[in-house]
Amino acid sequence: MENNMPTINVALGQYSDLFMLLAAIVYASAFVAFAWDLAKSSKLIQEIDAATLASEKKVLVAAGAVGTPPSSRAEDELVNDSMTYTASSAKRMAAKIAVSLTWLGVLLQGFAVVARGIAAGRVPWGNMYEFLSTGSFLVALVFSLVLLKKDLRFMGTFVIGLVTVMLCGATMGFPTPVAHLVPALQSYWLIIHVSIAVLASSLFTITFAMNVLQLVQHWRMDALAAGKPDKMPFMRLVPGAAPLENFAYRINAVAFVMWTFTVMAGAIWAEAAWGRYWGWDTKEVWSFVIWVVYAGYLHARATGGWTGARSAWLSIIGYLCIVFNFTVVNIYFNGLHSYAGL
Amino acid sequence: MAKNDMKKDVAVPALGLVGMLRWAWTQLTSMKTALFLLLLLAVAAVPGSLFPQRSVNPEQVTIYLTNKPTAGEWLDRFQLFDVYSSVWFSAIYMLLFISLIGCILPRVKKHAKALRTPPPRTPSRLNRLPQNGTIEIQSALESGLSDAEIARQAAALLKKRGYRSEARTEGPTPSAGAERGYIREIGNLLFHISLVGLLASVGIGGAFGYNGQRVLVEGETFVNSLVSYDSFKPGTWFKEDSLDPYSVKLDKFNITFDRESTTHFGQPIDFTAEVETRRSPDAEPQKETIRVNHPLRIDGADMYLVGNGYAPVVTVRDGAGNVAFSGPVVSVPQDGMYTSLMVIKAPDAKPDQLGFQGFLLPTAMTDETGFAISGDPNAINPQLQLNSYYGNLGLDDGNPQNVYVLETDNLKELNNRNLDAGGIVLSAGQTYKLPDGKGSISFDGLKRFIGVDIAYDPSKRPVAIFAALSLLGLGISLFTARRRAWVKVKTSVDGSGREERIIEYGLLARGEDHGLESEAKELRKLLEQQWPAVERAGV
Ligand code: HEM
Chain A
645 MENNMPTINV ALGQYSDLFM LLAAIVYASA FVAFAWDLAK SSKLIQEIDA ATLASEKKVL
705 VAAGAVGTPP SSRAEDELVN DSMTYTASSA KRMAAKIAVS LTWLGVLLQG FAVVARGIAA
765 GRVPWGNMYE FLSTGSFLVA LVFSLVLLKK DLRFMGTFVI GLVTVMLCGA TMGFPTPVAH
825 LVPALQSYWL IIHVSIAVLA SSLFTITFAM NVLQLVQHWR MDALAAGKPD KMPFMRLVPG
885 AAPLENFAYR INAVAFVMWT FTVMAGAIWA EAAWGRYWGW DTKEVWSFVI WVVYAGYLHA
945 RATGGWTGAR SAWLSIIGYL CIVFNFTVVN IYFNGLHSYA GL
Chain B
43 MAKNDMKKDV AVPALGLVGM LRWAWTQLTS MKTALFLLLL LAVAAVPGSL FPQRSVNPEQ
103 VTIYLTNKPT AGEWLDRFQL FDVYSSVWFS AIYMLLFISL IGCILPRVKK HAKALRTPPP
163 RTPSRLNRLP QNGTIEIQSA LESGLSDAEI ARQAAALLKK RGYRSEARTE GPTPSAGAER
223 GYIREIGNLL FHISLVGLLA SVGIGGAFGY NGQRVLVEGE TFVNSLVSYD SFKPGTWFKE
283 DSLDPYSVKL DKFNITFDRE STTHFGQPID FTAEVETRRS PDAEPQKETI RVNHPLRIDG
343 ADMYLVGNGY APVVTVRDGA GNVAFSGPVV SVPQDGMYTS LMVIKAPDAK PDQLGFQGFL
403 LPTAMTDETG FAISGDPNAI NPQLQLNSYY GNLGLDDGNP QNVYVLETDN LKELNNRNLD
463 AGGIVLSAGQ TYKLPDGKGS ISFDGLKRFI GVDIAYDPSK RPVAIFAALS LLGLGISLFT
523 ARRRAWVKVK TSVDGSGREE RIIEYGLLAR GEDHGLESEA KELRKLLEQQ WPAVERAGV
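Sequences listed follow chains A and B, in order. Position in the first sequence (first residue = 1) + 644 = the working numbering. Position in the second sequence (first residue = 1) + 42 = the working numbering.
These are calculated hints, taken from the structure and not from any lab test. Each hint should be verified, as a subset may be incorrect.
Unchecked claim - Stretch by stretch, here's where chain A covers chain B in the computed footprint (C-beta under 8 Å, at least three residues):
1. 83–89
2. 325–335
3. 511–517
Beta carbons are placed, not taken as given, at the ideal position from N, Cα and C, and that holds for glycine.
Required output: the full structure, derived from the provided sequences and hints.
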């Protein structure tokens with residue numbers, strides 16, 4: 645070959661595929677363990693509550709009073725609103741297994757992603773399969789890292805569920821053997837632009853999960869306040885709506901700056917590749933829409949009457965736009981970004 | 043941030059014209075309106091991805107209008123094929139930017155004032171603040187420091203921590219007041235102002251620019267003047283003398299195809315155009331390359347590689363034996379194997395004009411059904427497969443014609459695989475004699491061509507600067523905390539007649555601030571370091 649393209653290591657590429665598959669299986673088990681933890685812990689909480697209630701009743705009956713609710717929230721022992729680990733956190737065996745499995749998945753997938761990069765002799769984010777496999781890896785990695793400091797295990801079912809779906813989508817929906825990049829993608833902007841985009845999307849994935857839980861918690865609290873029975877006892881393992889909202893906001897702010905950078909880097913790349921930095925190509929349109937929606941979200945957080953559930957909706961809509969941009973726009977809309985080469 | 047005074051309730055005013063205008067202005071520049079317009083902008087941008095856009099893909103619009111004339115006409119009426127220059131889209135972003143400017147100006151004024159005013163008064167009760175605490179200190183009392191002195195030291199300590207602070211030594215309880223993070227609002231203003239700058243640069247800069255296209259065959263030279271372009275789109279304020287007189291000659295075009303992969307065999311992995319450039323007619327020639335992602339940059343007017351293909355060199359002679367056409371013919375690749383469509387028009391042929399259309403197969407092979415196909419994108423066995431026509435090409439009536447299309451309505455067929463004479467099949471170096479003594483055609487050789495875009499856009503630099511500034515402003519605004527801190531010093535006498543000196547501190551966040559708690563801890567540590575707390579054994 646006249647140019648200096650490295651040769652493709654096909655065998656290593658196949659190992660990468662194998663490890664992706666293993667990671668998917670391990671994540672699926674982690675997902676089951678997280679779900680099991682939710683079910684088990686909420687039962688545990690109910691038992692503690694029942695025990696407290698019974699003992700308090702005895703006391704109260706002795707004192708001649710009736711019908712007062714238990715004095716302490718049993719779940720406070722297991723989760724708290726600052727999302728830090730509590731002394732009783734260790735009781736959640738299933739959650740511990742789930743977290744270990746998640747780390748195992750991260751290691752396996754980390755190997756798979758790196759191996760693919762080495763096999764191709766380039767960064768492993770050049771097609772749909774690679775965006776999804778690297779993206780889901782980052783979601784799992786960021787989530788695992790945050791877990792070291794914050795007790796976000798209540799989100800495990802949701803986040804690792806999404807990771808499993810993304811990875812299965814990659815291996816089943818877009819299986820792509822290792823190959824060279826088409827010339828249009830041969831640029832260091834691929835490294836910068838796409839890596840930040842994938843990282844930002846991973847963060848948005850996590851905040852999406854938080855904002856959904858925030859809304860569910862919000863409705864549940866409203867229902868409880870209206871005297872309705874608790875239909876979602878497992879949500880007692882989830883912090884309150886307000887701390888969820890604040891934590892999601894912090895991550896969204898970081899992700900928004902990254903997305904802003906992604907759009908700008910994309911514009912610089914477009915200038916080098918196509919001679920114009922902005923041309924309303926479908927992919928550009930949707931990146932813009934996503935940016936404006938999240939800008940709206942940040943605004944909403946500073947606008948009277950728009951904090952809380954309303955801003956959470958904006959964050960969720962923003963994420964749906966990201967998913968749309970990645971799936972429907974990539975597959976069905978043809979624009980310059982359909983990487984068909986020259 | 044002053045969200046409260048932006049949030050005025052909507053009340054219909056019974057005011058005159060000035061009052062009405064004032065009311066409208068207040069509404070337009072409120073946070074709620076800004077949010078509404080932002081969300082509206084997001085929604086309004088969507089149709090541009092659902093319908094083909096003239097600015098991006100004019101051919102697709104034509105096809106849409108032909109296929110669905112009724113719906114297409116309605117869509118066109120609502121400018122849905124020109125979303126980003128439509129009246130409604132422009133109206134939304136213009137309103138948004140007016141709202142933005144109306145929002146920025148008072149905030150700049152307010153913040154300029156805030157920068158000059160001392161930190162806010164010390165509240166009477168610090169224990170109402172979200173973060174607060176007290177420290178009983180001992181040693182300072184013994185060392186003979188007065189309350190006022192301690193307040194001054196506290197102010198100095200806060201200053202060292204990046205606060206703007208002031209010691210308040212008058213009155214019975216001396217205190218220090220401090221505020222930090224003024225740069226947060228500066229960052230926010232920088233971000234919003236840069237957005238205005240960005241939009242202005244796009245609008246103004248773009249009007250002076252131009253872009254055009256040109257197809258260049260190996261050996262051809264492009265000279266930057268209007269006549270050299272195949273198509274040209276000037277900005278509103280473009281002047282012809284702004285075209286720099288440079289020239290670019292295409293020496294050679296190289297493509298590398300993937301020859302190793304079994305799954306991606308034949309996929310292109312590199313395109314490189316070797317060119318010889320002259321910055322001005324009498325400048326020294328320079329050897330340069332144009333590649334995808336690596337345009338040729340000449341004084342802001344840049345040349346981008348956007349397409350390529352083969353140009354077979356052909357000579358057509360007419361019935362009298364005179365050369366009616368000679369030269370490379372640009373053919374349009376139809377697939378990954380570069381099976382390319384070509385049309386040759388020889389209007390000078392006598393007595394009848396001659397026309398040809400058909401395919402170039404870079405590597406001619408026959409498939410299972412006996413059909414000729416190209417088996418490789420490289421020219422290993424190039425072959426022309428043509429039909430020929432004679433008659434009136436329709437070029438003389440002055441109507442512009444597409445060079446890639448042969449209008450066969452007024453032509454008679456000479457060669458076709460359905461005719462006795464059959465189609466023309468020519469390998470490189472061969473000549474074919476047309477039936478009935480109409481002439482001949484020879485396939486002399488094969489060249490490559492490239493398609494280039496030439497673009498000049500003076501807005502690039504200002505846009506880049508404003509984009510960078512807005513990113514900087516955004517980061518500052520989102521990641522610096524604006525907070526206030528106060529320290530109060532009190533001396534009292536306890537029951538046993540012992541003098542007690544207490545330092546009280548409190549912190550308040552302005553806007554989003556998750557770090558307030560750790561800042562309070564840090565501040566407490568510093569205060570305790572300065573004036574060690576009383577050891578309270580047994581308490
Ligand atoms: C082009 C339209 C606009 C965009 C894209 C935009 C975007 C943003 C973003 C991303 C933020 C959060 C980051 C930061 O705090 O700096 C923000 C904050 C803010 N914007 Fe805008 N904005 C726009 C128009 C406006 C307008 C018209 C107003 C005035 C009504 C405004 C007032 C504010 C204020 C007061 C904040 C600070 C909120 C806070 O305390 O966090 N913006 N804007």
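Worksheet item: For the segment 325–335 of chain B, do three or more residues have a beta carbon lying closer than 8 Å to a beta carbon of chain A?
Response: Contact hint for the segment 325–335 of chain B vs chain A: holds, 3 residues under 8 Å.
Discussion item. When I compare C-beta atoms, does the segment 511–517 of chain B have three or more residues closer than 8 Å to chain A?
Written reply: holds (count 4)
Worksheet item: In terms of beta carbon proximity below 8 Å, does the segment 83–89 of chain B have 3 or more residues touching chain A?
Response: holds (count 4)
The structure agrees with every numbered hint stated previously.
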